Structures are given as C-alpha cells and as structure tokens.
Amino acid sequence: MNTQPLDFVPASEFKQRASGAVADAHLRKSFRGAMDFLINKRAAQFPDPVALESQRALAEHIRKYSLARLPELLEQLERKLTDNGVKVHWAENAEEACAIIVGIAQRHSTKLMVKGKSMVSEEVELNHAMAAAGIDALESDMGEYIVQLDGEKPSHIIMPAIHKTKQQIARLFADKVPGARYTESVDELIGIGRAVLREKFMSAEIGLSGVNFAVAETGTLCLVENEGNGRMCTTVPEVHIAITGIEKVVEKLEHVPPLFGLLTRSATGQAITTYFNMISGPRKPGEKDGPGEMHLVLVDNGRTQAYGDEQLRSTLQCIRCGACMNHCPVYTRIGGHAYGTTYPGPIGEIISPHMLGLNATHVLPTASSLCGACGEVCPVRIPIPELLVRLREEAQHDARPGHAPLRGQGAAKSRLVDAVWSGWAALYTRPAFYRAFGWLATRFRALTPPMQGGWTVSRTPMKPAARTLHELMAERTKR
Amino acid sequence: MSARDNILRRLRAAPQGKAPLVPDVPAFYAAVSAATPPSTRAARIELFCEKMAFWHGEVVRVTAANWPHKLREICTAKGVRSLLYGEPSAHAEALKSAGIAGLKSYDRPLAEWKKELFEDTDAGLTSTRGGIAETGTLIVWPDASEPRLMSLVPPIHFALLDADQLYDTLFDAMQAQRWSDGMPTNALLVSGPSKTADIQVTLAYGAHGPKELVVLLLVNEEEVQ
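So the sequences go chain by chain: A and B. Per the UniProt record's numbering: the first sequence = residues 1 to 479. Per the UniProt record's numbering: the second sequence = residues 1 to 225.
Hints were generated in silico from the structure; no laboratory data involved. For clarity, every value in this text was computed on a predicted model and none was experimentally measured. A portion of the hints provided could be inaccurate.
Unchecked claim - One side only, chain B facing chain A, incomplete, derived with CB under 10 Å: (1) R12; (2) F118; (3) D143; (4) P210; (5) N220.
Unchecked claim - Computed beta-carbon distance windows for the label pairs: (6) A:D398 to B:A19: 29 to 35 Å; (7) A:P47 to B:V201: 19 to 25 Å; (8) B:Q165 to A:K166: 40 to 46 Å; (9) A:R79 to B:D164: 33 to 39 Å.
Said to hold, decoys possible - Only pairs whose alpha carbons sit at most 25 Å apart, straight line, appear in this in silico SDA-like list of lysine to any residue: (10) A:K15 to A:Q396; (11) A:K166 to B:H56; (12) B:K115 to A:E238; (13) A:K64 to A:S54; (14) A:K166 to A:R198; (15) A:K176 to B:Q200; (16) A:K87 to B:P184; (17) A:K41 to B:L203; (18) A:K252 to B:R178; (19) A:K87 to B:A3; (20) A:K15 to A:E386; (21) A:K252 to B:T169; (22) B:K114 to A:I104; (23) A:K284 to B:Q177; (24) A:K252 to B:R4.
Don't be surprised by glycine CBs; every beta carbon is placed ideally from N, CA and C.
Okay, chain B solo, but in the shape it has when bound (with noise of 0.2 Å):
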C-alpha cells in the first residue's frame, strides 16, 4: 500500500454525519450588495485610489493619449535609469514613442539575463487585468510576455490599470472574468509595494519586492484631476 492509498483508505473509513449543502458564495455577496448602495464608476475609482494610498501605493491619473508622457515624467522625477517592459503588448508600441530613457525588454529567459535583472534594472511596467475597489488591489496575470518577475525583481513596479476594469471585489472579478474557466500558469493580486513588520511590529517597505508602487490608472480625460 502506497502512502496515498493509507490516507484516502483512513480518510474514507472515516465516520460521515449528513454531507452539508454545497455553500453558496453567489447568494453571500449578492446578499452584501443588496444592502449597500449600488457601486458606480466614480465610486469604484474613488475608493481604489483611497485604498491603494493605504497601501502606500501611489497612483497618478492618466488618459489613453498622455499616460506614456506621465510616465516619462514620473521616471525623470525618481531618477529610473532602466525601465523593463513586455513585448508584445498593447502597450508597447506608445510607450517605445515616448523618449523614456532606458528602457529594455524581457526578451530572454530568466537564466540569461538573471544578475542584470536583479542588479541593473530600476523599474518594471506590467499591465493588469483589472482592479478590486473594496482593497485596492491589482489583478496581475504574468504570460510569455509578461514575465513573474517584472513585478517583483525592479525596486519600482508600474502598473497599467484601466478603469473599466475595476471591480467591487474580488469575488466580482473572479466571477466578471471566468477564472475558473482556465487559471494561467501564475495569477497574482497585488495590493502596495512589498512590505514587513516582523521587526518589533514596525512596518519597513521594500521587503524583498518593490519598493514603490505607481499605478498609472487609464481613465477619461474629465476624470483626470
């Protein structure tokens, strides 16, 4: 007998009162809608950025034409030298145009290019598939052009969020996306720069991950403040 055929043999010997009803998750966060006021666009931006600034993470209101002068801009401002970015995407193409000094993409697997990654590469610019209101949280599906580590090696992650695709919760995402239809190799949520308080229960950013977060949020230009 294999360890495996031990456990399911004393798992299934096991005594089973009456099996409980499937929970209904739907039913639970259809209940907590109900009873709060119907989400709008400007609500679920409003407490995107409230919660994202909780985090420590930045975010900078930008439009589809000026988003890629706004990064110029903020990469000038925080002297990135190197800015990592995936090809191909939608993204690309305007952000190639932009004059942003330094920029390079994830071209090569990891094992080429490892150090570099590690030790010459100031930021990172990913895309999201969405963002969550209620945490201010960003859904980041890494692909072949996309890297996992372009949102956490660089000291400094950019983030492409658009508005349209921001959600009340998580369980909204999950359900508006069909994630359970086929889940990626690797998905993350990711909610501020990476941070610590296992020191004396003193919180320290920048614990092995990004030190800064900027979300540049995509959104019409009479939402721009």
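Extracted from the complex, chain A is given alone in its bound form (with noise of 0.2 Å):
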C-alpha cells in the first residue's frame, strides 16, 4: 500500500508549468479528448435553453439565499446534527482542521483511515498530517486511489485520474499492485481496485468524507457518488469524519434537488448518481451497521474573507461541478497539475487566492482569456470573469476605499507597470498630446523594435498602422 504524502507545487511557478504542459503532446490530447467528452455530455443533458436558465436562475437564488444567511444556518446545522448525536467542530485553517481529524484518530488507536472523495480534505493536505502522525489515509475513489498510488495529485476535480491512460494505470498497477498482472482491461483493472479496497474498507477504524450538501433543518450530510466508496467510508469503519467547508449549507431539503439535478448534469452529464447518500446521524440503539461516532470539522480557511466582500461573496455559491474547468480553453490545454493549486481552472482562480493568499497566487487569475464560458456554464451563474477581473485589480492595488485589504493585497504592484499606465493616462486625457503621439508613432513605425518582450515569444511583432484612425476619419470626410 502507498499513503504517501504528495509534493505540492507553489502556484507562483504556474508560468513555467504551464509552458511545459503546453508543450506536451501527450497530455494535450487526454485532456481535449476527456473535456469535449463532458461538453457534449453535459449540453445533452440541457436541451432546452429556456428551462435551463429558469433551472440557473433557481439554484443560484438558493445559494445566494443560504449565503445570505450562512451564519444563522450554521447554527441551526450544528444543533440540529448534535441532536442527532454528531460531535460539530469547526477549524479556522488548514492547521486546525487536520489538528482536529488527527486527535480524533489518535483518540481510537487509529492504524488505517479509508477516503471518500473529499477536496475540503486536499485543500488541508490532510494526508500529510495523517503520515506526519502515522496514520495511514488511504484514497477509496477509484481515480483517487490511482493518483494516490502514482505519488500524484489529482488533475480534475470531479475525474482525478484524467491525465493517466489504462495503459500507465496498467502498468502503475502490475508494479505497484501485490499479485495483480499487467492487463489492460479496463473492468478488470476496476476490479483489481476493488478487490484491494474491500479489504480496506473492513480494517480501517475510520472513514472519511467530504459533504456535497448540508441542510440545517434535519440535519443532514448529503453525498454524491458513484462508486460506492462514499457509502462504504461512511457506514463499515467504526468511526465517521466528514469535513466541509463552511459554505456547504443550506436550509430546506427542498433546497436540494433542484441543486442536486444542477450539479450532476452539469459536472457528467448524467441526470442523477448512481448513489445519493443522506446521513443524519451514526447508528441508534438496535440499528446493526453504521458508523457508532460521528463527526463533521467545518472549515473556514478563507472563505470568511470572500465572505466579507459583497462580490467575492459569489465566489461561495459554487458547488463544485467542475463544467468552468471542462469549458475553459486554458485549463483543457494545461491540465490541472499546472495550477499547483487544490482547485484549478476558472473556480480555482477565484477561490485560492483566499485560501492562500494572493502573493501566492496572484497569477491564476491572469491565467484567462476573460472568454466568458466559465460563466455561461456555471450552474449557480457566479460571474467569474468579474471576479477574475477584480482579483486582478487587488492584486495590482491597494484596497478600494471602506474595503478591508484581501491577503496578499497588492502582491502584483509594479512600479514600471504603474508609470506606464500613469504615462498613458497623461498622454489620452491631453488631446494635442495624443494626436502627437499617434502622429509619431505612424511615422516612425519602421523604428518598432521586433522583439516585444513576451508578447513575441509565440505571437508576431506589434507595428502601428501608416496612419492613424483620425486621420483616415479626417480623410474619408473629405472626400
């Protein structure tokens, strides 16, 4: 078995990686292949232009009415799950929140701990606390397991796994695998898996998960999946950890569907899961399996901060889908290792640079032709490219006045890039200035250095026209 802890990249060298990943064939050719194979899954599933935007525009009323009321929700969900016996913790970061799942696992002599699909548990590197204790945390998704055993971090929120072909999962496997033969059989490498996993599913003495959906008037953590790892975390071991982030809840079970039929269709174009898991509580008096101790750790870890702002705010309806990244043409040409970040693509650069800060991330938001199609896609409407556009702005100023400084406020600002943009502004607000300018710059176009920085490193020289646009106006009047 492999539970090693993975390398993590800092998003400040994004540039290079994403030139490397660029330049590579191989993994352009997966990641085209798999995001057309989702686009058009997910346009089957909305036929009617129509009824989709009314199905938008609900879900994104419901998201923003929890919001509005997050707080309040809060409350409600942690008295509502400690009635139904569940121990509520709460983690301010990534720290608190492994210091939390760790002690829990301490407390029970725990020698094996089995995963659910949980990116609330990546974002904390949760698996690095659990080996710097001992633990074993050992990844149950299918796609997981295989990023897991490869030393890997997942490439896609939804399809981990996308970057490897069944060629290197079948070679992965016959190396890495106890007794399994190299075969390239799909359903059989899917049972090589399975086969490891069940015995991991009777011998861990926790499970963890993540939670898709958490209402606050039954008390109840819902989970999407297919596979069947969820249910097994989350029933077979002894003890029970689901982690979220504060975001997740909503009031009303009636809240639910409409956001549930919203995130399958959009994330695989499929109408429903094959399971959909609501657990409102460990297993009572009488009751023969289920896990006999609960816990659910909810995570701040920045989101207070997007929070705070009532535009970054949107940044929190996200469900977590994943159609921005399968829409994105940066991220189907890059993949996601790229980004280095837990969440890549388009939700990834909104929401990491207030988990981690903008001096650490200030380049994902760049890293975007503003195209618009995460947007179009996103099943809860969150304006991305507005919120791409205004973290790059904070990233290059100083808070707008009344507004509290983001972390890493400013941790782009340049002072060659602030003259420049002064220069311009002194040189378009003097009209006899600009008609100057324009002239010489026509006039002396010959003089246009060919090597324009990186604008030329894969684009041709930038050259002013032979007359500017008022002349040719001036012209065309005359005549």
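If you follow the hints, you should be able to join the two separate chains into one complex; please do so.
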C-alpha cells in the first residue's frame, strides 16, 4: 500500500509549468478528448435553453439565499447535528482542521483511515498531517486511489486521474499492487482496485468523507457519488468523520433537488448519480451497521475573507461541479496540475487567492482569456470573469476605500507598470499630446522593435498602422 | 475566542445587502409540471423502466403473488448461493416460503460477521420506500431490520419496489413522504449498480458496490408484460 504524502508545487511557478504542459502533446490530447466528452454529455442534458436558465436562476437564488443566512444556518445545522448525535468541530484554517482529525484518529488508536472523495481534505492537506502522525490515509475513489498510488495529485476535481491512460494505469497496478498482473482491460483494472479496497474498508478504524450539501433543518449531510466507496467509508468503519467548507449549508431539504439535479448534469452529464447518500447521524441503538461515532469538521480556511465582500462572496455559491474547468480553453490546454492548487481551472483561480493569499496566487486570475465560457456554464451563475478581473485589480492595487485588504493585497504591484499607466493616462487625457503621439508612432513605425518581450514569444510583433484612425476618418469626411 | 466564535463573528461582520426572498421551490416544480402532460401510473412505470435500464439496472415486473417465485428463478439463473434479507419485514414470510436456497437474515451487528458479509454473501434483498420515474431511482431507507450495507456489499442487489410508490420527481417524493419531518440515520437514492469512469472515461460497473441491480417492480396482474 502506498499512502505517501504528495509534494505541493507553489502556484507562483504557474507560468513555467503551464509552458511545460502546453508543450506536452500527450497531455493535451488526453485533456482535449476528456473535456470534449464532458462538454457534449453536459450539453445533451440541457436541450432546452429556456428551461436551463430557469433552473440556473433557481439554483443561484437558493445559493445566494443560503449565503445571506450563513451564520444562522451554521448554528442551526450544528444544533440539529448535535441533537442527532454528531459532534461538530470548527476549524479556522488547514492546521486546525488537520489537528482535529488527527486528534480523533489518535483517540481511537487508528492505523488506517479510508477516504471517500473530499476536495476539502486535499485543500487542508490532510494526508500530510496523517502521515506525520503515522496513520495511513488511503484514498478509495478509483481515480484518487490511482493518483495516490502514483504519488500524484488529482488533475480534475471530478475525474482525478483524467491525465492518465489505461496503459499507464495498467503498468502502475502491475508494479505497485501485490499480485496484480498487467492488464489493459478497464473492467479487470477496476476489479483489482475493488479487491484491494474492500479489504481496506473492512479493516479501517475511521472513514472520512466530504459533504456536497449540508441541510440545516434536518441535520443531514448529503454525498453524491457513483462508485459506492463513499457509502463504504461512511458506513463500515466504526468512526465517520465528514469534512466540509462552511459554505455548503442549505436551509431546507427542498433546496437540495434543484442543486443536486444541476450538479450531476453539469459535472458529468448524468441526470443523477448512482448514489445519493443522506446521513443524519450515527447508528441508533438496535441498528446493526453504520458508524457508532460521527464527526463533522466545518472549515473556514479563507472562506470568510471572500464572504466579507459582497462581490467576492458569490465565489462561495460554488457547488463544485467542475463545468467551468471542462469548458475553459486554458484548463483544457494545460491540465489541472499546472495550477499547483487543490482547485484548478476558473473556480480555482477565484477561490485559491482566499485560501492561500494573493502573494502565492496572484498569477492565477491572469490565466484566463476572459472568454466568459466559465460564467456561461456555471449552474449557480457565479460571474467568474468579473471576479477574475476584480482579483487582478486587487493584486495590482491597494484595497479600495472602505474595503478591508485581502490577504496579499497588492502582491503584483509594479512601479514600472504603474509608471506606464500614469504616462498613458497623461497622454490620453490631453488631445494635443495624444495627436502628437499618434503622428510620431505612425511616421516612425519602421523603428518599432521586433522583439517585444512576452508578446513576441509566440506572436508576431505589434506595429502601428501607417495612418492614425483620426487621419483616416478625416480623409473619409473630406471625400 | 474559539474558532467557532471567530468564524461566526467574521460572517456576522460582513456587509449584507437586501436579504434575498425565500426561494419558492414548490412553485418552480409546480410550473414545470403544469407545462407537461399530467403524469399517469402507466407513464411513470414506463419511464422508470426506461431510465433504470439506462443505468444498467434490470427491472422485472412481478405481482404480489408471484414475486418470491420469480426471485427464486432469477437467483437460480444467476447462480446465487446465498441471499441476505432483513427481519422483521413485510416480505420476509413470503420470501421464506419460496424455497430459495441459502437464505440468511442480517440478524447480528456488523462487527460479528463482517468477513462473512463481505466475502461470502452473493446477494441482498431490500424493500424500498418508493421510486423516482424521471431519473430511474430507488428510494432506500435502511433501518434496524434492513441495515445500510444490505444494498451495498453483496455483488447483487435485489430491490422490491411497489409501483404505487412511484413518483415523478425527487421533489415530489420528498414532499409526498414528508421527509423534512424527520430523516432516518441514513437514507439513500440508488440509480443502478455502482460504476466508475475514472479510467480513461470508460464506464465500468461494480466499482465498490453491487455489480448488478435487479428491481422487482410490483405491479397489477394486467400490467405484467
């Protein structure tokens, strides 16, 4: 078994990694193929654009409503879960979240923890903390199991092993799984994973899961999955720990169907997943299975920073479907690993600055052509392009008056850039100067340098036209 | 100050614009169903069967009188050597009188027979609280007599579904059965056998849970095909 912790690469090295990824023909082919597949499957689920818009409007409304009442809903959720016999913990940051979970594991003398898919557990780097405490933390989602076995990180939030071919997985299993022979049959490969992991479900002391929706009125944690590993992790081990971001709560059970329906359709183009697992507490006396002890860890980790600003708050509407990355021309070309963050693609670009600070992440919001595809497919209508522009601005400037500075505010400030913009503003606001500049630029266009820094790395040099637009218009009116 | 207090304090300190209205989810679904022809029992059965087949689930139409006999036939055909059931349940007596080989009841806490459940149980039979036609989904509420793992660990899951309990949508089922009045410790929606597409987006069944799902759909005599 391999539960080695994974090495994280700093997001600040994004540009180097992106250039490497763009040059990797194999990687580009796998992502292009997989993303086209997911784009088409999603499109097939929404044949009627009018119906889709009304579903999105409702989902956005539910998420905005839930966020507006977030503190009360969290308290209600905590009350309900406590009544149901679940212990609720709060963590301000990744270290606190890990310490809570390691503490529970140590109290139960845990040797093995099996994990269902949880992006928040990746976000807080739980596997590192468990390894440091000498506890195996084994991923049990097939894709997550594969990437963990190879010492990698997921490259997509829904399809973690999307960057790997079946030949690579066949080789990996033959090398790393005791007794496994080399086979390229997908059914056989899944069979190997199934057999290994069933043993682990039986012996693990703790099962860990994420949460897709937490319902405040009933104290119910909802988990969406196809494989059944989430159900295994939340049912077989004696202790179940769920970990989630504080934004996942909704008020009522009736708020779930519209969000759930959009989540699966947007994510993988499925009308519903195989399992929708609603957990409201540990086993009651007389029940013969299910965990005897249950915990929920509510994680902030920068979310309250986004919440503190009315525009940035919409980041927290996200239900983690991954449609924005599937439709992102940048993500499709560079894949998930280049970002170096737990959440890649457009959602990662707008949420990571709150989790890691703009110092480490200010380059991420620039990894977009602002084509708008992410915002158009977002099932809860997060205005992602607007948030990207906003974060670019926050990285370049001091906080707006009356706004608290973000973590790493102004991290990308540059004197040179500021000087160029002030110069341009001076020119542009004085018509005489501006005309003189235009005349000079067009008359001396032959002197334009052929190398123009980053621009000419993969583009032809820019060159002013022979005449300014003003001159051309003046000639037209004369005629 | 605890982490809890700090988090709640930061949330409460955030500026709040105009409070959004309460989302009217019932009105949304009412509008959707008003725009579609009224649903009939026959249409729900038809749609459920079509969708369940899409998820790779088998649907066998049975009657209250013949289902144990049908189940025995299927078990024989599939080579099922042991079938797990729950007691007490509405169907236990009929099941026991059908003469199915290898019947065993989930009558002990998991810890006492985990290995046997995982390694030596071919199939499990559970009841359901209903079904959802729109998506081909079973509503399964495990309890003390039919524990959670019956529908997960054995390689074949048989589910008894009464066609009277078919709803158009998840929302309809939730409302009609008044779920928000009180949820059990675990409630499930199940749409087909377990599956994954994690290797090169190739679909494979039997990821961690059942490899096969067989729905015994209880219908009237004249609805059996």
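Status of the hints after comparison with the structure:
no. : hint                         : in the structure
1   : R12                          : 5 Å, holds
2   : F118                         : 6 Å, holds
3   : D143                         : 7 Å, holds
4   : P210                         : 8 Å, holds
5   : N220                         : 27 Å, violated
6   : A:D398 to B:A19: 29 to 35 Å  : 31 Å, holds
7   : A:P47 to B:V201: 19 to 25 Å  : 22 Å, holds
8   : B:Q165 to A:K166: 40 to 46 Å : 41 Å, holds
9   : A:R79 to B:D164: 33 to 39 Å  : 37 Å, holds
10  : A:K15 to A:Q396              : 18 Å, holds
11  : A:K166 to B:H56              : 23 Å, holds
12  : B:K115 to A:E238             : 15 Å, holds
13  : A:K64 to A:S54               : 15 Å, holds
14  : A:K166 to A:R198             : 22 Å, holds
15  : A:K176 to B:Q200             : 19 Å, holds
16  : A:K87 to B:P184              : 17 Å, holds
17  : A:K41 to B:L203              : 14 Å, holds
18  : A:K252 to B:R178             : 12 Å, holds
19  : A:K87 to B:A3                : 15 Å, holds
20  : A:K15 to A:E386              : 22 Å, holds
21  : A:K252 to B:T169             : 17 Å, holds
22  : B:K114 to A:I104             : 23 Å, holds
23  : A:K284 to B:Q177             : 22 Å, holds
24  : A:K252 to B:R4               : 22 Å, holds
Hint 5 alone, counting from the list given before, is not met by this structure.
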